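Numbering (the numbering used here), first residue to last: 1 to 137.
Just to be clear, a hint being listed does not mean it is correct.
[Stated by the list, open to error] Distance condition first, Cα-Cα at most 30 Å in a straight line; then the derived DSS-like pairs of lysine-lysine:
no.	residue 1	residue 2
1	Lys131	Lys81
2	Lys81	Lys107
3	Lys107	Lys137
4	Lys61	Lys131
5	Lys61	Lys107
6	Lys81	Lys61
7	Lys81	Lys137
8	Lys107	Lys131
Hints were generated in silico from the structure; no laboratory data involved.
Because the structure is a prediction, the values reported are computed rather than measured.
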Amino acid sequence: LISRWFFVGLLLCMSTGCYSTLRLVVESSTTTNGGRPFYVVVRSVDGNTLVSESYQVVSSKVFASPRDDSILMSRVLMPGKGVVMTIQNQEVSDLAVYFLFSGPGDKWRLPLHQPLPSEVVVELGTFQVDKVRIRRK
């Protein structure tokens, strides 16, 4: 009996999207970050956190020991290369994608609000986000 209810709950959860994922594609050029490696960071956030936290506060959370619990994923990206990140959607909070450039421009972060899209493609310029394409299911 328990296994039947578990199965029904699992199907219901899957059909409503609680196990959905976000595919984040980041594309860079050889001039991104002046040709130096940089970090791409995905964090669980609320709207107030996203607007109030400075670049220094975010970067300190990434490199803190132990790492901040809100950090879901981080990757080093080499200029001219791309990365694909798959993030499990917890459907509890919004997400923010941060690009920790050595000299960030105004567009160094990208908010992603619930309900999350199925795919986000980010094209990076030299020190900021140039273009974002969002695909919903």
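Structure-based check of all given hints:
{"no.": "1", "hint": "Lys131 - Lys81", "result": "holds (16 Å)"}
{"no.": "2", "hint": "Lys81 - Lys107", "result": "holds (20 Å)"}
{"no.": "3", "hint": "Lys107 - Lys137", "result": "holds (26 Å)"}
{"no.": "4", "hint": "Lys61 - Lys131", "result": "holds (26 Å)"}
{"no.": "5", "hint": "Lys61 - Lys107", "result": "holds (19 Å)"}
{"no.": "6", "hint": "Lys81 - Lys61", "result": "holds (25 Å)"}
{"no.": "7", "hint": "Lys81 - Lys137", "result": "holds (27 Å)"}
{"no.": "8", "hint": "Lys107 - Lys131", "result": "holds (10 Å)"}
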